[in-house]
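Take the sequences, apply the hints, and build the full model.
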Amino acid sequence: MAVTLDDLKGNKQLADRTFRGATLMGGTAIAVILGLISWTIASKSSLAFRTEGLSFFTERRWAPADDVFGALSFIYGTAVTALIAVVLAVPVSLGIALFTTHVAPSWLKRPLVAMTDLVAVVPSVVFGLWGIIFLAPKLVPVFTKLSSWSDGIPILGSIFGKASAGRTFMTAGLILALMIIPIITSISREVILTCPPTDSDGALALGATRWEMITGAVLTHSAGGIVGAVMLGLGRAMGETIAAALVIGSSPAITANLFSSGDSLPSVIAFEWGEATSDTKRSALIAMGLTLFLMTLLVNFIANYVVNRAMKRMRGES
Amino acid sequence: MNTSRRRTGAVVGILALSFIGAACSSSSSTKDTTAVTTADTSVAEETTTTVAGLDYSKLSGSLVASGATFPKSFYDEAIANLATTAPDLTVEYGGGGSGKGRSDLQEKVVDFAGTDGVVKAEDIAKFTGGEFVYVPTVIAPITLSYNLPGVDTLQLSPATIAGIYQLTITNWNDAAIAADNPGVTLPDQAIVAARRADGSGTTENFTKFLKAAVGPDAGGTWALGSGSTVEWPAGTQAGDGNSGVAQLVKSTTGAIGYVDLSDAKANGLTVALVKNKAGKFVAPTLEAASAAAEGATINDDLTYFLGWADGDAAYPIAAQTWIIAYTTQADPAKAEAIRGFLTYLLNDGQALAATIDFAPLPESLRLKAIENIAKIGA
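Line order of the protein sequences matches chains A and U.
Using the numbering used here, the first residue of the first sequence is number 241, and each one after it goes up by one.
Using the numbering used here, the first residue of the second sequence is number 1069, and each one after it goes up by one.
Keep in mind that a hint or two might mislead.
To be verified - Restraint ranges, calculated between C-beta atoms of paired labels, are given here:
1) U:E1160 to A:A269: 29 to 35 Å
2) A:P377 to U:T1365: 29 to 35 Å
3) A:A282 to U:G1445: 28 to 34 Å
4) U:G1336 to A:P363: 24 to 30 Å
5) A:T298 to U:A1244: 36 to 42 Å
6) U:T1158 to A:D519: 30 to 36 Å
7) U:T1158 to A:P331: 51 to 57 Å
8) U:A1286 to A:T384: 35 to 41 Å
9) A:V361 to U:A1244: 48 to 54 Å
10) U:G1287 to A:P377: 39 to 45 Å
11) U:A1286 to A:I373: 47 to 53 Å
These aren't lab readings, by the way, just hints derived from the structure by calculation.
Idealized CB from N, CA, C, for every residue including glycine.
Structure, rendered in structure tokens:
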């Protein structure tokens, strides 16, 4: 049953069938791989859930010496750093996307797009090392100043609390923001480009300014896609391991103070796996992997829901 | 003052090394030295003949190993040197941490493993290759490195170190630090306690020392226990690996961190003297680490703990490391290669150790380690 090139040339049906088979194999492979990964993670983490129960998610103490394994402070750290990253990255990304599509002179567009894409290929460990060696020490005086300015102001005062060092939730959030800007930018750009010229030209023809055209025609058209881009960025920020691990400070903490050191799920898995010799600790670390997996799934579901609703509304309007 | 101390230390070290060299070059001198009195004389004679009869150039094959990162630079150096005399033997030591080494050996994916910690009783059954032996290879002090401009000499007692890492002592001008350092002017500067972010044998040895010296059983204040990771109070700073902690100390004024000697030296850090069990403040030198090994209680299987050892000259925080290998190897040639490599580590390798900031084993322990190598067979 060996298939030679001649067979393929002479027999179109065979070529079709082979192609079908190959793609089917690729398609099923991804399902099988995902299934096997989920199964392994679930079965290997069962020990931790059996011994810790639901308190695995609600216990803030992580004390392997006392056999107490709580993931709450790591879940908190993951969520907070990812949120900081998104809050900081979205305006910048949208700015770049709109600038390269509607504002920049045409000679500038290409190099700008290329540069944004270039940021995406920088390995994450490079971001982490840059953060630890250069950014973190430089941020200490900035944090101290911010915290003294906001001292006494409700909410702001507690968010920008006392800064003890340069490796904090905020530092990790900043690094993550840099890392997700390219992905949010390039997807938003593609989405914005799909806006029919009739819409934007129409808006301009009706006397709208460029700003009114962008908010009225472009952004309303691409809202769903942009939300999707943001969610993808959020997912990436939550799963990023080494860059966050290097600059987050590795001190589990649950506090509103963004200038405090913390820890995140992927970071603790990476740092403690090597010396995790007890079965419960290994299992607890795998359970954290499962938790992270579920968190990213949840984000994706929400993204899907938001995108679909936006699409429906758009169709209903037009 | 520091340099002169170091220089005298170096001279003592060289003397000790030449002494070891002399001890293994002829069997008659071995018998005479006091260091071997603890070991059975007949055994000592036997091992020296084994060493003399071993021809490194006849060793062949390839060995794969993983485990402790702390002795990795020593093993790599020894591997590179052995390659010139044993061109047919390739040894690859992968690092990855003691825990990884132990689980790799359990599953027999490596020929031997490096570990800074002893295998727990409940884990022994997991070693699918049967019985294994511990071969101690090298030791090294763990320094308390600090960054405090203007203070060149600093003495710390275990209780003070415990206070610093539990954040009960937060400023360099604290009365407890002043009490350890009479006559030294300490600045008003906040302390930044730096520790490991990753699970590590260095953390385990450091916390074991604190537990032994000032733990609850010793009537002290150290409440965090011991382990490769402990529940550090929020407010301590974490770095990845020995080099990460060294980097933190180097870049932060007021910082103090526990770092192995070679990384502390590589980063040009200032190291503190630590009060030992005999009440003396001792600098983290290779000789002081060897002195600690002389004062340590060695178990029958050659496991031991170096921290908080007896002896006036013993530095109280030192790391020990072993290579573990199965006693029964499937392939006689492989057994021969493992024995050959380990024998090299305990002979020529010992002299090599000091050149890269590791301390050689004391003679009595070295001879016992060579005995354990002989147990590896096919």
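Taking the hints in turn, this is what the structure says about them:
1. Checked against the given bound of 29 to 35 Å, the beta carbons of E1160 (chain U) and A269 (chain A), roughly 33 Å apart, stay inside it.
2. About 44 Å separates the C-beta atoms of P377 (chain A) and T1365 (chain U), a value inconsistent with the hinted range of 29 to 35 Å.
3. Checked against the hint of 28 to 34 Å, the pair A282 (chain A) and G1445 (chain U) fails, with Cβ atoms roughly 43 Å apart.
4. A hinted range of 24 to 30 Å for the beta carbons of G1336 (chain U) and P363 (chain A) is consistent with their spacing of about 29 Å.
5. Taking 36 to 42 Å as the suggested C-beta distance range, the pair T298 (chain A) and A1244 (chain U) conforms, at roughly 38 Å.
6. Evaluation of the 30 to 36 Å hint for T1158 (chain U) and D519 (chain A) yields a pass: the beta carbon distance comes to about 34 Å.
7. In this structure the hint that T1158 (chain U) and P331 (chain A) lie 51 to 57 Å apart at CB holds, the actual value being about 56 Å.
8. For the pair A1286 (chain U) and T384 (chain A), the beta carbons lie near 39 Å from each other, so the given range of 35 to 41 Å is met.
9. Against the hinted window of 48 to 54 Å, the Cβ-Cβ separation of V361 (chain A) and A1244 (chain U) comes to about 52 Å, which satisfies the hint.
10. At roughly 40 Å, the beta-carbon separation of G1287 (chain U) and P377 (chain A) lies within the given 39 to 45 Å, and the hint holds.
11. About 40 Å separates the C-beta atoms of A1286 (chain U) and I373 (chain A), a value inconsistent with the hinted range of 47 to 53 Å.
Figure legend: structure checked against the earlier numbered hints; hints not met, in rising order: 2, 3, 11.
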